[in-house]
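Undergrad: Chains as they are written, first to last, in my numbering: chain A, 1 to 377; chain B, 1001 to 1470.
Careful: at least some of the hints might be erroneous.
[Said to hold, decoys possible] What follows is a set of in silico ranges between Cβ atoms, one per label pair, in the way DEER data are often shown:
| # | chain 1 | residue 1 | chain 2 | residue 2 | range |
| --- | --- | --- | --- | --- | --- |
| 1 | A | 370 | B | 1048 | 30 to 38 Å |
| 2 | B | 1150 | A | 324 | 51 to 59 Å |
| 3 | A | 170 | B | 1054 | 31 to 39 Å |
| 4 | A | 249 | B | 1146 | 46 to 54 Å |
| 5 | B | 1358 | A | 182 | 45 to 53 Å |
| 6 | B | 1048 | A | 182 | 50 to 58 Å |
| 7 | A | 319 | B | 1328 | 46 to 54 Å |
Hints listed in this document are in silico derivations from the structure and should not be mistaken for laboratory results.
Backbone N, C-alpha and C define an ideal beta-carbon position, used for all residues, glycine too.
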Amino acid sequence: MIRRGNALKRTAGVVMALGLVATACSSSSDGDADSNTSDSVAAEEPVDTEVVESTQSEGGRLAAVQAAGAVECGGNDTLPGFGIIDADGAFSGFDIDFCKVVAAAVLGDSEAVNVTPLVAAQRFPTLQSGEIDVLIRNTTWTASRDGAEQANFLQTTFFDGQGFMVRSDSGIASLEDAANTTICVLQGTTTLLNLNAVLGDRGIPFTPLEFESNDELQPAFVAEQCEVWTSDASQLASFAANLDIDTTVLPDIISKEPLGPVVADGDTEWAQVVNWAVMATIQAEEFGITSENIDSFADSEDSGIRRFLGLPIEDDDGNAVVAEVGLGLPTDFASNIISQVGNYGEIFERNLAPLGLERGPNALWTEGGLMYVPPFR
Amino acid sequence: MTIEETDSGVVRPLHSDQTPREWVQNNLFSSALNSGISVVSAVFAGLVLYFGVGWALNVDWEIVRANLRNFMIGQFPKDELWRPWAGGLALVAGVGVGSAGMARNAFDDATDKGLSTERPTWIGLLRRFWPILAFIGLVLTFTRTIQPTLGVLAGLGLFVAGRVIGWNMPHSIRRFSLHIIGLGVLALFTIVAGSGGLVAVVGGIMAASIVSTAVGDRLNRTVLGGKISALVLPALGAAAVWLVMSSINSFGYGWKEWGGLYLTLFVTVAGISTGMPLGILLAIGRRSQLPVVKGFCVMFIEFIRGVPLISLLFFSGFMLPLLFPPSAEIPDGITRAMIVITLFSAAYIAEIVRGGLQAVPQGQIEAAQAQGLSTGRIQRLIVMPQALRAVIPAMVGQFISLFKDTSLLAIIGVAEFLQIATIANTQQDFLGKGLQPITYTFVAVGYWAFAYTMSKESRRLETRLGVGTR
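Using the sequences and the accompanying hints, generate a full structural model.
TA: Take a look at the structure:
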């Protein structure tokens, strides 16, 4: 009897083992199934996955993007002005527009871009793994990120700095007045690191109150859970414009926050493509070319503008030729960018001016700002 | 509850023969203390209701109205919206037919055995699902076009028609009631997500199950030929469906841009429907005598239960892609998160089921062995029905917490239902206006409607199966 019971249990065990094996098999076939599904999705665009892979090994990311027919862009979906999802369910914002700039340059279609919303901690792993082609998500350029995170920072699109906002009636007029206050700050950001470092160096005691997102921080500031709100000055300005209370931004700016597109290390060709696409918007503003007036430049006499827009120029022999700069981009990439997305000024006006942001350091170098790009020739 | 002892010693509630006045007297004002408590509670509830409703009627719900599509389906492309609608209608029709068929089967079964039973009524259905219906109604008040209302009405019509058809169809078709619901799910999958891959697998399993139900009774399984054909026929059916489904590629849209409530519900349903079988297998495996099987199950369960869901999600979202070469085709973030949620709930379900298995007395298994039942049949007919019945409350509790846990997907950048509230509050029109209470209230009502319905259904199931009374 006992023996029989054991035998039965053993049989039961074997059955379970088979069941588990079956489960394992079915889950692995699930895995196949998933990749099949994504294949079938990808197949909606005229792509053959194998082509993507083979070209990737030969031609790098530029060829892979051209084969895939879309730029995979890592963005933000909850940062006012820079990256949000609007009521229509579409991504919009300053950073998102630069995703479109890259797509317009590489593929000639600013809409050929898939934005993946990323949280801060996700940014570099996702970039390193190759899931995204370019990261444009208010990411500050720092030496350690350039080094340890295997990230390649390109032309800065927005010069920000960490500022402090207080209620106008709080009596705090400078950072020194903020001693022994509670300061609201976001977790896991350079903002928090700067706060600890700078206030520590200056010997200003304070209590940090950390939040996951500005969306949660803002009610806390309004409810006076903290006296001071520190963040990038651009963010403070955008929230201040809509708050019911009177606020003041302190004159102290304690950090440099150059924000710009980032690509993974190790693919110079792709990095140059993204970089020159972004810089084209700034050059266009310098030339005065906008999405509105670009057609009127078709018969421009200025050889610099003609070269920039990919229009034919007379060479030494008197032949009309289109200059080929050898970046791997179409010769009319700048013209595509400007007609489809606009120049830097237009992108700024569209996304950031409504938040109450001034151009400030982000003005052209010709107007006393920092926006300066190398010549397009 | 007031109870009385009848002559036969059966305890039964009194209020079936009470007038409302008597009920109030007995239950609310039976003593001075009870009267005091009743009055204070009534005043408190009245105040909460008064201010709550007053607030809800006075605030501007524009942020919800403008973002309604985001809340419901996220960034799903506008011109593909017919897919979730068509798929949803197919599902509703399938559920209508299948659920009515199953109800009829149970009804006939009970009648045959001479048990007293009640026909399901429309009022009964309304009572069971009013929270979800109320939420749908609330959502419809926020719509700006007539189409969603028409769509919901069409869905209700299909459901009602399906119930009538399902109740009246012949028994030979009613045997496949569960499969009809499955076909509804499959249709939803196919129309929305596409027909390759996953759908092919699900379809194949469905086909196998349908074939084995159809031919199962006619086969003489005592002979070898019968045994073999009981395996081969379903396998052939599955293979045929799999071949057809996976060859029709690129029909659907995929779920990369899914979001909002649709995604939340989808992840929940997927988590439950795949996590539960997996959990049951793990529970049985953990009680196995084979050290390898047992060891694997214990390790898996204890690892998953020992780690917070957030860290698993972080791992799937951020770490996993780094472990593969960049050229490797790995599933997208949502799929990875769904796999994690499924595994996570499987581990918890396994422990719940194990509790149920331990509640089944050893004597029952020995009695079944003495009757000459095979191990599989003992599990299927004797052990599992009792074990699962005993753990319904815990199991549904797990389902509800799984449903709410899907909100954690937000931390890996998935725009599920709750995250849309955050997204809406960062839009230029609504930024910094302190509208969070409005969006979060809407989201809370949505979560509540579904979670409360699940809880009600679990209690109904308990009553029907007599958990705790026998």
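Undergrad: Confirm or reject each hint.
TA: Hints and how they fare:
1. 370/A x 1048/B: 30 to 38 Å: 56 Å Cβ-Cβ, so the 30 to 38 Å window is violated.
2. 1150/B x 324/A: 51 to 59 Å: holds, 56 Å
3. 170/A x 1054/B: 31 to 39 Å: Distance hint for residue 170/A, residue 1054/B holds at roughly 33 Å.
4. 249/A x 1146/B: 46 to 54 Å: holds, 47 Å
5. 1358/B x 182/A: 45 to 53 Å: Taking Cβ atoms as reference, residue 1358/B and residue 182/A lie about 52 Å apart, which means the hint holds.
6. 1048/B x 182/A: 50 to 58 Å: violated, 32 Å
7. 319/A x 1328/B: 46 to 54 Å: The hinted range 46 to 54 Å holds for residue 319/A and residue 1328/B, with Cβ atoms some 48 Å apart.
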